[in-house]
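*Asks:* Sequence:
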Amino acid sequence: FKRLFTDNSALASPNRWRTLPALLDPKVQDRVVHGSDFPIPSGGFGPWIGGLLSGKSFREARKIANPLERDCFIKQAVGFRESTFTRLPDLLP
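When we follow our numbering, the leftmost residue of the sequence shown carries the number 1, and every step to the right adds one.
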């Protein structure tokens, strides 16, 4: 399905971090589009507890006041490629 994509929204939340490894698979990453967690609070606790986010990155994320910037920071820190954040315009007609 060449037009089938998924997004990574709500995955930095405490109850959904277990889905992250599947989406970080190199074969899948080309099919992932960034989806904001906003307005769901995204602090990185789930990925940190799950060992996907380092303690240093977790502490840095907690200092980012803007929830959209914090969400992007966490998703980059766990391993989502830059293309995840820039792919959407290429998919729209």
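Simulated from the structure, these hints should not be mistaken for laboratory data.
One thing to keep in mind: the hints can contain errors.
[Stated by the list, open to error] Pairs of lysine-lysine residues, derived as DSBU-like cross-links and limited to a Cα-Cα distance of at most 35 Å, are as follows:
{"hint": "1", "residue 1": "K27", "residue 2": "K2"}
{"hint": "2", "residue 1": "K27", "residue 2": "K63"}
{"hint": "3", "residue 1": "K27", "residue 2": "K56"}
These figures come from a predicted structure and were not determined experimentally.
*Asks:* Each hint should be assessed against the structure and marked as holding or not.
*Replies:* Each hint, compared with the structure:
no. : hint        : result
1   : K27 <-> K2  : holds, 13 Å
2   : K27 <-> K63 : holds, 33 Å
3   : K27 <-> K56 : holds, 28 Å
In terms of the numbered hints stated before, the structure departs from none.
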